[in-house]
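Asks: In case you want the letters, here they are:
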Amino acid sequence: MLDSVLFYFFAGIAVICAAMMVTRRNPIHSAVFLITTLLATAGIFLQLRAEFLFGVQIILYVGGIMVLFIFVIMLVRLDAPLQELRFTFQRWVAAFVALALVLEVAVMFLLLRRLPGQGSLVLRAVPADRLPPNSEALAQSLFSSYLLPFEIASVLLLVAMVGAVVMAKKR
Amino acid sequence: MMPAGHYLFLSLALLLIGAIGVVTRRNVIIVLMCIELILNAVNINLVAFSRLYGDVAGQAFALFIIADAAAEAAVGLGIIIAFFRNQETVFADEMDILKW
Amino acid sequence: MAAAAQGILTFLQTWWVELVCGIVIVAVVPLIAGYVVLVERKLMADMQARLGPMRVGPHGLLQPIADAFKLLIKEDIIPDDADKIIFWLAPIMSVSAAMVSMGALAFGPTFQVARDINVGILFVLGVSSLGLFGIVLGGWASNSHYSLLGALRSTAQLVSYETAAGLAIVSGLLLAGTLKIRAIVEAQQHFGVWFIFLAPVAFFIYLVASIAETNRAPFDLTEAESELVAGYMTEFSGFRWSLYFLAEYANMIVVGAVATTLFLGGWLRPFPNVRWMNWLDAVPALLVAAIGAYCVFRAGKQTVRIQSLFMWAVASSCFVVAALLAVPLVVAPLRFLMPGLHGAFWFLLKVGGYLYTFMWLRFTLPRYRFDQLMRLGWYFLIPLALVNVFSVGSAMMLELEFGWNRWVAVALTLIVTLGAALFLLATSDKRTAAANAASAASSDSYAG
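Residue numbers (my numbering), protein chains in the order written: chain G, 942 to 1112; chain C, 3 to 102; chain X, 3 to 450.
Same shape as in the complex, but just chain G (with noise of 0.2 Å):
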């Protein structure tokens, strides 16, 4: 019960603080409504027991990523006031689009008539207490079966590391 409780607090307020980052008029409200949701985002982590991810999303999405955001909104601060129009001409396709998938998503789960991974196959989760230990299984993969993926992110992040400080330089 304690599971649900959970999962419906974080995943209501991820997905209120998303709709209202993608609406706000100021960027730096957007950004913080942003900060909230990857907040609300690593809470389902840690309900669902990946530990590891959950305070690597903190470390790295809340307090690395999102600090470059708000460098960045501070850095291109226009003085006009705050921009007259948000949305582009496109908006009205967009809604359309997604309106459609939504109705699209809900009548596949009206003619299922129960929601996937309930169904036939019988899939159950590993109860929580016969989990093995959260970072040491992933250390485990990463170091293992996954190395090269491993090292190839980190040469990714090197390149990325070059090339941000060559854009932003001053000429």
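So the derived list for chain C, only partly shown, Cβ under 10 Å to chain G, looks like this: (1) 34; (2) 36; (3) 43; (4) 46; (5) 55; (6) 58; (7) 62; (8) 72; (9) 79; (10) 82; (11) 83.
Simulated crosslink set (EDC-like; lysine to aspartate or glutamate; CA at most 20 Å straight-line): (12) 1110(G) with 90(C); (13) 1110(G) with 373(X); (14) 1111(G) with 373(X); (15) 1111(G) with 90(C); (16) 1110(G) with 74(C); (17) 101(C) with 90(C); (18) 44(X) with 69(X).
Please keep in mind that the hints were generated in silico from the structure rather than gathered at the bench.
Quick caveat: nothing in here was measured; it's all calculated off a predicted structure.
All residues carry an ideal CB built from backbone N, CA and C; glycine is no exception.
Since chain G is already given, all that's left is putting chains C and X on it; use the hints.
Replies: Here is chains C and X on its own, set in the frame of chain G:
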């Protein structure tokens, strides 16, 4: 763990909100933030199914996505700063110097 | 309805200890932070050959209460064009980050809010880095140039030193083999020696990086009065400023607790496994009793009656605590209480020692200029921390795989690390000298 469908719904909702934001907003910084939202939706999906199947590969993949998102945000924001220095704007519909 | 009540009841049954710990933290930390300020002012006075606050209460012991009261009744001024929501939110983010990161810390073998989560240290590191947003959003919301400049500088400083602190922590984690807070202290008990003796350079890096993380001198350029008024805190007055202040001192306690857990043996007494040092178990009670006796002595010397009564109250509470610490030692059936009580005492003593070092450095060293600060962080600390991670790993490998003596391996890798440190110091000086020469030459060409 909740039934997997709940996490699918949450992931879908965040993905749609992010996608609408990418297509709809004028300020390219907010567009980049919506891209981050889409990546997060994908992460929730991956981690939920990793928990369902008991395989930690989903979480490893989500970790790589987070690292990749950091790299992409850094480079994207560098590009925005460079563009802003040249053209003094961050609005998508005013970035049209390559138009005929 | 009944199911909800039943759910709440089961929740309380499983989590009541942690809830009580959490409530104690949130209630007690502001008071402790206030008294840490008083201790700092008294120490500063002592090192400057004067007396410090003496008026409010005997020896100024009620000064924090007076300060808190003053801050609470001050007028709340919001700048004209400030963004009101963010202005309201920023101090709250700072304080929440500091308090929540205390949730994962173990102030003793039994006092911990998060029931030993798998990623304890990662959680503390991550959530305490959320305090950044309080700073940068506060500077932004103040709608003032100096605040924004101070906030951006402070954020850049925090981000730079976070990397160095994280790498220093990684060295400690290599030795411990786990991210769980209690397991790290148990690993130190298993090794029989505090990790500071196995990785001293890591402790030094973490000390310097944590001073920069909490914006303390000599790295307090961003909030020093002579520099940018008060940096990002300029426009916040009254209760909002006290929230920032509280966040700063709570952050100090958090970094002190992390350093104590990782390097100083947590709640273990010195020489935890050595049997003939068991007499050290009597030290907590004796120390507190000695403080109580000193308070009795000073109570006799007070001129005003109410002040001497207050000193008697302080003395008697010291004696009560000393009795509480001594009873499990003496009364054998109560010995199960000993790890909890004595552990908490040793932990707080070590955190106090760490904070004393912070204050001592504040009163002794002059302030770093911002470019010197960034140079120190990026050119010296981060490469040194990387070399240190490598050397601690090598020492572990030498001991575990090749069977070397632990201390020989540690000494060898320590020499390598110190060599790297000297090399980094020498080259960074050269860079400074070269930069100064270049700028001097170019300015000469402008003049000519």
